[in-house]
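Engineer: Chain residues, written in single-letter form:
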Amino acid sequence: MSENSNNQVNLVIEGKSITAPNNLSVIQALWHAGYPRVKSVGCLEGVCGSCRIMVRRPGEAKVTMELGCQTLIEEGIQVIFLVYPTPTHHHYQLSEIKNSWDVQGEFHHIFPEASHCRSCHGCTTACPKGIDVERGVALASEGKFREAGKLFVECIMCNLCMTGCPEEIAPNHVGLFARRVTAYFHTRPSNLINRLEEMRQGNLKVQI
Amino acid sequence: MSGGIPYSEALKNYRIQQERELPDDDIDVNDLLSQYHPDHHPDTTVALQVGPNRGEQCHRQLAAVLQADARIDEADLAGTPLIETDVLVVGGGGAGCAAALEASNDGARVILATKLRLGDSNTVMAEGGIQASIDRGDTPQMHYDDSIKAGHFCAKKELVAEMVMDGPDVIRWLIKQGMQFDLDEFGDLLTRRAGGTSANRVCYYRDYTGLEMMRVLREAVMNSKIDIWDYSPTVELMVNESGHCAGAVLSDLRNCRYVQVKARAVILATGGIGRMHLNGFPTSNHFGATGDGLVLAYRLGAKLRDLDSFQYHPTGLAYPQHLAGTLITEGVRSSGTWLLNGHGERFIDELKPRDIVAAAILRECAEGRGVKVDDNTTGVWLDTPGLELRNPGILEKRFPKLLHLGSKASIDPAKSPMLIYPTLHYQNGGVDIDANGLTTVPGLYCAGEVSGGIHGKNRIMGNALLEIISFGRRAGIDAAALRHGRDHKKISIEHLSRIRRELAINNMPMDTRGPMLFPDCAKFDDDVDYDGLRKARNK
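Residue numbers (our numbering), protein chains in the order written: chain A, 122 to 329; chain B, 38 to 576.
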């Protein structure tokens, strides 16, 4: 079961030709080959969204968007890093939405492009987590925020769907908005509220 | 590590079973820890020779960076831009965001400087959940007692008391930021039990608690007035004429230059040390967890504590090798998953505190009952198929991240057990703080893993996420108030001449420089992209 050092593959990362064992991720392969790499490295577990890469496999015209810590290297692939994500131009404060009746109106005010979706699947294709991003945008546009938010459980905010959207919708921020308003307006756990009230009355103290 | 049962043979021995007896468990905890916990390995610690903790025991590798030379000299600051703010927050994880949000909310001008990008942190990787005593059968007192006991009675009691009393309000604050939690059919918060505790107290969102927390906090910070500086590691703190902390020198990696930030208060929220790979262990930590804050604070004269105590999380993935060290949440054990040795037998109550469970796993491996892959890789089984058998569907519903890890490892956790081995997870100690996060140096605050005292010599699951929000908020509020005080007359890095003198007097090697900033594998100090940040070093 030990590591088989004969399973070497050749690939190109950022224009550098590299040979490395096939059980390494793109980032591990880059380090293995002795190249420095600081930017675009993060959790190395696929949850922080830092190591965004574009990958082209031999014989394919298609370029895919992936994560450098999650993609295992293959013979002949070409990889480049997308270092700086573009910040979204959408801005909002949850506290400025006065009550839950206003959420839909505010949503279209904050994200006016969301209803312009042309169903090109650019966002869904770009998502390295396999989220049905386009459907999430459609649900949010209809005001179904709870359902939209559920689709974005695994979203790591890598912003690749923003890159893939010709309408500049910022679908991941739409998804996060949907999740945040759901918690902000609708999460009211009675066990928590009861405990907060007990504490407000000074009934629970800690003795050191 | 020559002993052990070969992987394929151990896999053949393994059966999925409804029930398994826990063997008689009359172990002496102190014996187990002193024989098998890595903190107690011979020659693990040395006495510090310079600085505020001189004479105290400290992990050998950490001591080397605490007593290293600085990265910069006065000459590096010539002609560098000087920016002024009220509060400088160093670190873009949960503690840094909570501190920055509260300081900004109180009206302070805030710069949040982070080594990588906002949100690149251990917070985003946290899985299990956050402790808050909200269940009817639970009280803050029980939370306090559990934390103190699991920390072997070494914690700073008043900090623990403040933190447990903050718990429920921290959950409310997070919900107000837009964070979701797993709820039952009545909308009540679901809770699960952490190892070494007396009640179900861990609130969670799947095994993505940290991811959910971090994306919400990041979005909140990005939609605030906080000025975010990414790719800007802090290389040195600055002092005023009275020796108070008065700002920091950052290296701007985009423009390859140093920048001085003058601030009324600095909050260090730089996290832990996993990427120093203490004792050669793999780590569950983020790429940026290189202990920078400890080094910066120590050089400025801040007292540290419990520098000999680190947490090795029992369940890091041991195989396949390219994923070694990856964390599997304690939530999996708290749901009733067993640990099995190579004979397929349980060997420890899986819900004992982490240090004890980790030591028990190391004992199995050392005494030849582990599962052996090769000379470098042994471990024990995490019996996830047994959990799934007793609770059909639980893996998919509660542990999507574990299933995802399984697919990367080509192991289906519902059908096959996973090989695990302790992974370096957390720095129990850190910078000594008071209830506002203030260190022993005026103007310098710490929040989160970089601070010490809350967890004593061992942390329970879920107290880290609670600590970062509880103390992040406290530090942010207290630091913001300092903007009404007197302005600094002069700011400098004069404290470095004192350090260098002390290092020279004690014949300490001057060839290493701290803080480490990036793990060795990233080769930051050889990267030609950053040559401009090395002009004083004659490289």
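Hints are not guaranteed to be accurate.
[What the hints assert, rightly or not] Simulated pairs of lysine-lysine, DSS-like, Cα-Cα distance not exceeding 27 Å:
| hint | chain 1 | residue 1 | chain 2 | residue 2 |
| --- | --- | --- | --- | --- |
| 1 | B | 434 | A | 250 |
| 2 | B | 194 | A | 137 |
| 3 | B | 560 | B | 340 |
| 4 | B | 434 | B | 186 |
| 5 | A | 271 | B | 49 |
| 6 | B | 445 | B | 434 |
These aren't lab readings, by the way, just hints derived from the structure by calculation.
Engineer: Which earlier hints can't be squared with this structure?
Structural biologist: As far as the earlier hints go, 2, 3, 4 and 5 are violated by this structure, in ascending order.
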